[in-house]
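Protein sequence lines correspond, in order, to chains A and B. Numbers 1 to 393, taken from my numbering, label the letters of the first sequence in order. Numbers 1 to 99, taken from my numbering, label the letters of the second sequence in order.
If you're looking for bench data, these hints aren't it; they were derived computationally from the structure. It should be emphasised that the depicted structure is a prediction, and the values quoted were computed from it without experimental measurement. Heads up, a few of these hints could be off.
Partial chain A-side listing against chain B, Cβ under 8 Å, derived [stated by the list, open to error]:
# : residue
1 : Ser97
2 : Pro206
3 : Tyr207
4 : Gln224
Derived DSSO-like pairs (lysine-lysine); straight-line CA-CA distance at most 27 Å [to be verified]:
#  : chain 1 : residue 1 : chain 2 : residue 2
5  : A       : Lys195    : B       : Lys89
6  : B       : Lys2      : B       : Lys43
7  : A       : Lys393    : A       : Lys372
8  : A       : Lys222    : B       : Lys2
9  : B       : Lys75     : A       : Lys195
10 : A       : Lys241    : A       : Lys222
11 : B       : Lys43     : A       : Lys222
Computed footprint of chain B on chain A, listed as stretches where at least three residues anywhere in the stretch have a Cβ under 8 Å from a Cβ of chain B [what the hints assert, rightly or not]:
#  : segment
12 : 109-116
13 : 380-391
Where a beta carbon is used, it is the ideal one built from N, C-alpha and C, also for glycine.
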Amino acid sequence: MGNLISMEGNQAAAEAMRQINPDAMAAYPITPQTEVVQTFAQFVADGRVDTEFVTVESEHSAMSACVAAAASGTRVMTATSANGMALMWEILYIAASTRLPIVMALVNRALSANINIHCDHSDSMGARDTGWIQLFCENGQEAYDSLIQAVRIAEHPQVRLPVMVCYDGFIISHAVECLELLNDKEVQKFIGEFKPVNSLLDISHPYTFGPLDLYDFYFEHKRQQIEAYGPAKRVVVEIGKQFATLSGREYGLFEAYRLQDAQLAIVLMGSAAGTAKEAVDRLRANGLPIGVLKLRAFRPFPSEELTQLLSRFEAVAVLDRAVSFGAAAGPLFTEISSALFASNRRPLLVNYIYGLGGRDIDIEDIQEVGEKLKKTAESGKVEQPFDYIGVRK
Amino acid sequence: MKITPETRWKELPQGGIIPEAGNAEQYITGSWRTFRPIRDEEKCTNCLLCWIHCPDSSIIVEDAKVVGIDYDHCKGCGICAEICPPKIKAITMIEEKRG
Chain A
1 MGNLISMEGN QAAAEAMRQI NPDAMAAYPI TPQTEVVQTF AQFVADGRVD TEFVTVESEH
61 SAMSACVAAA ASGTRVMTAT SANGMALMWE ILYIAASTRL PIVMALVNRA LSANINIHCD
121 HSDSMGARDT GWIQLFCENG QEAYDSLIQA VRIAEHPQVR LPVMVCYDGF IISHAVECLE
181 LLNDKEVQKF IGEFKPVNSL LDISHPYTFG PLDLYDFYFE HKRQQIEAYG PAKRVVVEIG
241 KQFATLSGRE YGLFEAYRLQ DAQLAIVLMG SAAGTAKEAV DRLRANGLPI GVLKLRAFRP
301 FPSEELTQLL SRFEAVAVLD RAVSFGAAAG PLFTEISSAL FASNRRPLLV NYIYGLGGRD
361 IDIEDIQEVG EKLKKTAESG KVEQPFDYIG VRK
Chain B
1 MKITPETRWK ELPQGGIIPE AGNAEQYITG SWRTFRPIRD EEKCTNCLLC WIHCPDSSII
61 VEDAKVVGID YDHCKGCGIC AEICPPKIKA ITMIEEKRG
């Protein structure tokens, strides 16, 4: 049993990093991630970790240094937000394609323009095709727990992919909550020693990393990389179960909240899942058979699992905290509807965009989504497939 | 393992790595060439400016003398012909015959 302590989400993330004690970290500060790097830099200065901390002039360099350190066979972590990760974009692909198990805390923030430091998921969604595993968190506890699990997931021999642990800027990063920490020894025992498969510094077995790869091999390399995401799904679940025996908190690809006897469901990711749970409790008190599906793993996307779970529902509302400009719907909706289309039985689907640039979403807002969903199910047809929550009309 | 153009995706090393070092030489970039540098041995004074400037290390030098051009790796950029002193002009670029 761990220690109960009140701290901010960012402090919890930095604490997880201290306990993991990675060999290397290269990071550049950006709001709202700053506190993670600042706190960790203090741990380095105080000699509380053995990490080689590389200060860099940009996020492009931060991720480049992480790639080099990981290719050298070391355990590497970093953290960023929004525009910072946008600057890493080119190197994010290289980290995943080279199968380097880097773990990154992504403190979700809206992308410019205009400049906004508050939460939405546009940064994560912009990086959804880079090849990184993306885990979304509901609160600081999940951010702490997921960072520790992410090390095992990333380094698993059947996965070998970088993982970004996404948690909402300010709502999670700067909110103080009571959470339970493991002790240092437990964390070290759980993550174990990192055994790299190939190391740039293994001079008795020299390797060439990132060579020119044209039409005669590139396609085969991509075909091979695609195969890693199937095992990644199994490993996310397996490590989540192992973590439960240590902490009592179980994790998987998603969390099904009051879905068992529900006919209506709300699907969403991140901190708003907590708001949705409270809204569902209130709607349930009024006799509405509704539940929440909180998606944790956006990549790998659990298509089959979600189809199995959601196909029997009458109506489902998908809430997106990001926009895919020019697309028919939000990115989460597109994935869910695409997955469900393979099923011969599927629910009526509606999509809402909410919370852009840190716009609040209230319990009442989600209650309204539930009430509308009930009407959709009763009428048997979708009147308005796409709408917004909380934008001035 | 030996990687060949017949190697299937399942058999390739993960992460696009090549399990050996110093293999760039095996890639015959000379096939990209449109213009071929031809060196006149009579005119050449062995000043080695071409050797210094060649971006593909394709000027072959032995005992401080140019002995040839590595056509397997020369991409035909023409820097050698350009850098050769105007009074000497020992290198001319000739269009490659195709087909």
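Against the structure, the hints:
no. : hint                : in the structure
1   : Ser97               : holds, 6 Å
2   : Pro206              : holds, 3 Å
3   : Tyr207              : holds, 5 Å
4   : Gln224              : holds, 5 Å
5   : A/Lys195 - B/Lys89  : violated, 58 Å
6   : B/Lys2 - B/Lys43    : violated, 45 Å
7   : A/Lys393 - A/Lys372 : holds, 18 Å
8   : A/Lys222 - B/Lys2   : holds, 20 Å
9   : B/Lys75 - A/Lys195  : violated, 41 Å
10  : A/Lys241 - A/Lys222 : violated, 30 Å
11  : B/Lys43 - A/Lys222  : violated, 51 Å
12  : 109-116             : violated (count 0)
13  : 380-391             : violated (count 0)
When held up to the earlier numbered hints, the structure conflicts with 5, 6, 9, 10, 11, 12 and 13 and fits the remainder.
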